[in-house]
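Colleague: Go ahead and model the full structure; you've got the sequences and the hints to work with.
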Amino acid sequence: MERKFVGIVETGDVEVKNPKIVIGLPDIGLVGVILANHMVQTMGMREVGYVESDLFPPIIILHEGKPHHPFRLYRKDDLLLLVSEIAIPPIAIYDTAREVCDWAKSKNASLIMPIGGTPVPNRMAIEKPKVFAIPIGNTVGKIVRDFGIELFEEGMIVGPYARIIAECEKLGLSCLTLLSQSYPNYPDPGAAAAVAEVLSKVINIKIDVSPLEEQAEEIRLRMKDLMKRTILEMERMGKSQEYELPAMYS
Amino acid sequence: MYERRRRGDSFFEKILNYFTEMRREMDEFVESMFEAMRFSRPDWDVETCCIEPLVHVENTPESVIVTADLPFVESKEDININATEDMLELLAEMKKEVRFERWGTIQRETTFRRYHKLISLPEKVLPQEAKAIFKQGILKIILPKKFKTTPIKVE
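Quick note, the sequences are listed as chains A and B, same order. Using this note's numbering, the letters of the first sequence correspond one by one to residues 1 to 250. Using this note's numbering, the letters of the second sequence correspond one by one to residues 1001 to 1155.
For the record, the hints were derived by calculation from the structure and aren't laboratory data. Mixed in with the good hints, there may be bad ones.
A few chain A positions that, by computed beta-carbon distances, are all more than 12 Å from chain B [claimed, not checked]:
#, residue
1, G44
2, D77
3, I143
4, I149
5, S174
6, E197
7, S200
Ranges between beta-carbon positions, derived for each pair [said to hold, decoys possible]:
#, chain 1, residue 1, chain 2, residue 2, range
8, B, M1087, A, E150, 38 to 44 Å
9, B, P1144, A, G7, 51 to 57 Å
10, B, P1061, A, V9, 47 to 53 Å
Quick caveat, the model's predicted, so the values are computed rather than measured. Even for Gly, the Cβ is constructed at its ideal location relative to N, Cα and C.
Modeller: See the structure below:
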């Protein structure tokens, strides 16, 4: 039997018909993690599982004296959400993406939405960051057109989302990656708020972004060390390639 | 001949595998050394209520650009920057105390009031010609390089 290096463990009720799955992993500006955490806290999502792997750093998070896995699964109604407080090590990226997408397929997911940031060097000068979409699947293309979301047309994606996009395409899963213009090296709650506005329209849920703005400074300070750790992992996976000129299709 | 080549390949493969394994072990050792250096001390100090900010150093052809994320710092008056040719010291006061309660063991109820960071610069700079701006909680310091390049004409 083939050994799996990454596994999703369900500890609560995850039996949902055609769920939508939001994914927030540490990446540029920690946009996905900030927004996913915000959704968990403000929408009253319940913890229903976790992702485990021998390839992840051996970490357990203590909250109110109880241990929690750093890469957790949450649910509210037909919305499932995966959020990680650890940067995915490059060695674990392929297996993590495969396991997440195989699991999403087994749940007959209607839409998978990785959320994150795309680096912009002049972020200081941008008041409201733009959000770009990478749609996989015909119906998703229509969503992007209907909501007038700008397409990420040319460029490179490096990291866990690159593999999730590739796996979704291979498995015929509908996937809408939303990336907001973000500081490359600093936690960016403003970028998370920009994605939240688009995400709430696409999946028709209410996300109150005002706490993201009001608590932006606290979020930036709390996320400092995760950002530092994520930068190291991004360097190891060659994230700087996202700045490189395209070699093909030009 | 085929057998001989195979034996030869096998010998070289063994050597190659040996060096590959040695290289991997060295990489792991170097990585663990860096890891130990990075995390041998926390980037905060309970006694002085100081925390290190996130900083990024960019080496461009003309200058060294240092940025720092300074949440809870209100204005440029709260920031002090000292520079030498190859070192930058950054101090900044927060507009309010930031308290972390029920966190860890030794650092329980830690309060932070200021940022402090010493940054080694990748090249010698002209500190007296440096410029700094503070916007949206991000500090950007542009330090012109001491050794400017001289253009060479292509004949």
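Colleague: All hints, please: hold or fail.
Modeller: Going down the list of hints, with the structure as the test:
1. At roughly 22 Å from the closest C-beta of chain B, the C-beta of A/G44 stays outside 12 Å, upholding its exclusion from the interface.
2. Against the 12 Å criterion, A/D77 stays outside the reach of chain B, whose nearest CB is about 32 Å from its own CB.
3. At the 12 Å boundary, the C-beta of A/I143 stays outside the reach of chain B, the nearest C-beta of that chain being 31 Å off.
4. Every beta carbon of chain B lies more than 12 Å from that of A/I149, the smallest distance being close to 25 Å; the non-interface claim holds.
5. Remark: the non-interface label on A/S174 is consistent with the geometry, its nearest Cβ contact in chain B lying 36 Å away (cut-off 12 Å).
6. With 12 Å as the threshold on Cβ separation, the claim that A/E197 sits away from chain B holds: the shortest Cβ distance comes to roughly 19 Å.
7. Look at A/S200: its CB is around 24 Å from the nearest CB on chain B, clear of 12 Å, so calling it non-interface holds up.
8. Checked against the hint of 38 to 44 Å, the C-beta distance between B/M1087 and A/E150 comes to roughly 43 Å, which is consistent with it.
9. A hinted range of 51 to 57 Å holds for the C-beta pair B/P1144 and A/G7, which are about 53 Å apart.
10. Range check, B/P1061 to A/V9: about 51 Å between beta-carbon atoms, so the 47 to 53 Å window is met.
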